[in-house]
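> Residues per chain are reported as follows:
There are 4 protein chains.
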Amino acid sequence: MPLTPEQEAEIEDLRAAPKPTLRAVSEGAEAHLYKVHPVLDHGFVRMVDYMGDDSAICQAARVSYGRGTKSVSNDEGLIRYLMRHWHSTPFEMCELKLHVKLPVFVARQWIRHRTANVNEYSARYSILDREFYIPRAEDLAAQSAQNNQGRGDVLNPEESARVLQWLREDAMRSYDHYEAMISDTSPEGEGQQGLARELARMNLPANIYTQWYWKVDLHNLFHFLRLRADAHAQYEIRVYADAICEMVKDWVPMAYRAFEDYRLGGVTLSTMAVECLRRMLVGEEVTQETSGMSAREWREFQGVLKKHD
Amino acid sequence: MPLTPEQEAEIEDLRAAPKPTLRAVSEGAEAHLYKVHPVLDHGFVRMVDYMGDDSAICQAARVSYGRGTKSVSNDEGLIRYLMRHWHSTPFEMCELKLHVKLPVFVARQWIRHRTANVNEYSARYSILDREFYIPRAEDLAAQSAQNNQGRGDVLNPEESARVLQWLREDAMRSYDHYEAMISDTSPEGEGQQGLARELARMNLPANIYTQWYWKVDLHNLFHFLRLRADAHAQYEIRVYADAICEMVKDWVPMAYRAFEDYRLGGVTLSTMAVECLRRMLVGEEVTQETSGMSAREWREFQGVLKKHD
Amino acid sequence: MPLTPEQEAEIEDLRAAPKPTLRAVSEGAEAHLYKVHPVLDHGFVRMVDYMGDDSAICQAARVSYGRGTKSVSNDEGLIRYLMRHWHSTPFEMCELKLHVKLPVFVARQWIRHRTANVNEYSARYSILDREFYIPRAEDLAAQSAQNNQGRGDVLNPEESARVLQWLREDAMRSYDHYEAMISDTSPEGEGQQGLARELARMNLPANIYTQWYWKVDLHNLFHFLRLRADAHAQYEIRVYADAICEMVKDWVPMAYRAFEDYRLGGVTLSTMAVECLRRMLVGEEVTQETSGMSAREWREFQGVLKKHD
Amino acid sequence: MPLTPEQEAEIEDLRAAPKPTLRAVSEGAEAHLYKVHPVLDHGFVRMVDYMGDDSAICQAARVSYGRGTKSVSNDEGLIRYLMRHWHSTPFEMCELKLHVKLPVFVARQWIRHRTANVNEYSARYSILDREFYIPRAEDLAAQSAQNNQGRGDVLNPEESARVLQWLREDAMRSYDHYEAMISDTSPEGEGQQGLARELARMNLPANIYTQWYWKVDLHNLFHFLRLRADAHAQYEIRVYADAICEMVKDWVPMAYRAFEDYRLGGVTLSTMAVECLRRMLVGEEVTQETSGMSAREWREFQGVLKKHD
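Chains as they are written, first to last, in the numbering used here: chain A, 187 to 495; chain B, 187 to 495; chain C, 187 to 495; chain D, 187 to 495.
By construction, these hints were calculated from the structure, which means they are not laboratory data. In this text, all values refer to a predicted model and were calculated from it rather than measured experimentally. A hint or two may mislead.
If chains are identical, the list can't say which one is meant, so a pair holds when it fits in one copy or spans any two.
Below 25 Å or equal to it, Euclidean Cα-Cα: the simulated DMTMM-like pairs (lysine to aspartate or glutamate) are [unchecked claim]:
| id | residue 1 | residue 2 |
| --- | --- | --- |
| 1 | K492 | E461 |
| 2 | K205 | D261 |
| 3 | K435 | E461 |
| 4 | K492 | D339 |
| 5 | K435 | E192 |
| 6 | K221 | D315 |
| 7 | K205 | E262 |
| 8 | K435 | E216 |
| 9 | K492 | E345 |
| 10 | K435 | E483 |
| 11 | K492 | E470 |
If we strip away everything but chain A, and leave its shape as in the complex, we get:
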């Protein structure tokens, strides 16, 4: 259970007290505010604040005095045009603030997206909780044979059981020692000084949970989601991206639809691939040999053309 009753109560308090505002309000986002969306075994994503809505994108694109909206269909057309032609600045005019609880190894991937603001729970200052990500057996996959950085088949039950036992035991033992090191009591019950927290944390494995506030504009969020909600992303970060997608869909529904059509579901083709397509569309037979592509590129190209057949 990720939240204590006190934390639940705090969230209820916040949701119980709407206040009037003159700012752009997104009904879809209001429904999400502060609520915990569980992710993995102990993690979550919560929307803490947002700025702007679909019409704020149009308002900025038009540099207008009022709401910027002409008509709903007109707005959607403009948003789709902006997305299709990579006009990114109007999307930067919306902003999202999230509270995320996530394993450290996921946090290390996430933080590579530098165009965002972050406040992480400080382990120099505070004591981390005894919470570790232990995968479900069905998520324990073997190293992929094809893809050097991906996963292959699910492990068989014995191997899987062995892995889970190590993960659990090592996490518990590391945390026991972490606690013992920062304690003012020695294992024999005598007083001790207690190791500095900034040092003791080094004993904790990368599946321990951390937390942060993460704030990002919509353009950079879409970039993050395109990479991390993708089938090639590591499962443990993808589930966070998926949870965020659900929020964004409700917050800025027009922008999200355009994002789905032109980015998430879109594909980028190389000069060679476009040339092949043109030949294929006039009836020419094209093979890898006559395509000018490498074997790997050809395979990827075939994947684009045949998907869902």
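Given the coordinates of chain A, work out where chains B, C and D should sit on it, guided by the hints.
Positioned in the frame of chain A, the structure of chains B, C and D alone reads:
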């Protein structure tokens, strides 16, 4: 008058329709929303949206589940601590969106602050209005003799009159030609094709007004204000910075007070200056010769010590 | 002529004195260093410094101890893989520093690319030269009827002559007054104070030339080039992008080829477009009506499929 | 020993083959290139590339055609002026690329400095080495009683021995299990699939070493060094900052001296502190009560005035 009656009406509409929100609300900011704060002869600053308030800074610093506030005095203490010790990330958790109308030469200085989001009115797409910044006579100053990039005394009336006449006439003539070039009618009243707007704009001088939406987080806004609300900044950008200071003071009063105390009114002293101070405080007489500073640094140092005497 | 004999001599001096270095050296880049590549009537681009080469991209991608190169073909394969899969960080490990002279209205577009370092010639501090961009008659195009922000047909000779005369006369008159305003002599030959430069510059039109040092990493440079070397970019910035492309081609030839194949010549297709393609490739007749696309999107899609037929 | 003989040989090869270049060359930086500067027990910093030198800062500040140098003393004066007045863009014109080996918990602090380019060794792709940071006994300090995020006294020998044993044993056991999980052989010697590396890494504690290429401009590097070479920074990152300071001192000696004088050794005083100083300098007795400062601020202020007495 910067606004048309239609624009005034649009703004009134926006201010007349508060909606409920669960987000952090700053009463001080709500009072500013959408209103026009005139700057220079035709310019303005308007607050279009904001995210967060003083307690959102504390909430992020504490990575808390609820509002993050413990007590008001506690919050102010935390904010002052964060400002004093250059912990900038909690301030990045607040965001401000402004609509600004400003002369192009001011826009060119402003845009050097890169950590912000901008949507500018497009002169490739739209036709610019006939509005130019013409300084008041009392703002027409001579080149400074001391400071290579500053201003000295106010021009005498004759010189000033000459300057103003040139500025006005050149602006009007350039705009006449701009209009004539993009028109579908020639000066003789015959049809013409009309030059592309993206080309015609090159004839317009740098005192023409442009507009943009500008969005920035509070940390970067403070950085902008420290440089641009400073006595060394060009007057024409300083008046915009001053207008923004008034808004920020009402939006996040605790953070603004800390900013005033530790940044705006604060000074940075070099190793040599600190060493001199220590000697002076124990009664030693220190001169430029014995200070280790250059003449210019010594003058600046004296300015710090003697100000307001 | 963009350079004075003194400037030419300074450049010759720099090119005459190679020094030994242990850093990665790109022969192709060395041939460009400091040389002036003229652009438009008075502008130029010069490469002032560079960091890294093709193998530095691989070295960073592999986090290797030595040069990082395994074999030339292996390096090219890796670079193409990184480009195809949007792994941008290795390209960020190369850096280019340019000295550019360009009209102010081009500089205003250029500066919107924020992820770069800029030092511009200061018109608060220094006096701008009497150099203005005056287009060639064949570059004077009418506003496009189809595309709201583009150009259509070239103006006819009479209209063109009218435009050129206005541009030339307004530029000269504005500059005459700029000089007169900052001068210590009045038009009547008497002494005057001389208006501050930071004010006088406001009278200068947007086709005056400015200069800057611009430094950018290769990933962000590619992003700039993709947008600005594109057919939809304004001609006056595209010629700068084209000149930079020639330098990059010589500096990092493998990376540039990958950029050409996957970005410059590549296309991004939406979910609907990919779906249509799949149907077309199995022989189905698809029309705009059955495509799910808007008229405009369908036209763009047809453009991709039929180009060069 | 951080390097294998093969790695040492690669470095020797790189250092043995100087090539001619026309770019700015810093003799001080050349002496460092590729060499390993050991930090902590298994870490290091190596300079992999640099762009620019002291005169490149002046060249950019002056937007000059040639080297930009007028005279050495003139250059140093300009650099000091730029530093003192927070003109940061000329310093951004120099760039440094480092190869760093560092414990994961240090990497997590380091990466918060977002304005830099990073390529980290991928633990999804590759297998991490069995190398862990184990502090020296004299670096094992207790949690500070005064400062919530700092260290106090060194632990006594018994407590210290206990901590070191836990750190060593937990690291070895976690790594044994990491190896066993990714292996294609089970503990009983039978075949197994081998857990995906991206999952197995979650068992490794934060004192394991990772590596990255890190590239940053000089302005942002100075910001990093000011925060991380500071007495309040955690010891384990400070030793990296110190090692980098030694390199920067040799690479751009003038800029480094200005940085030392105005940033590293400088102090920022608040409005209240400056006011107190003025009163004290005219002989007034000022106490915390009459200063307007909180107890903590007053203590910090006293520290500035009395240091080194």
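> Taking each numbered hint in turn, which are not upheld by the structure, reported in ascending numerical order?
Structure breaks hints 5, 9.
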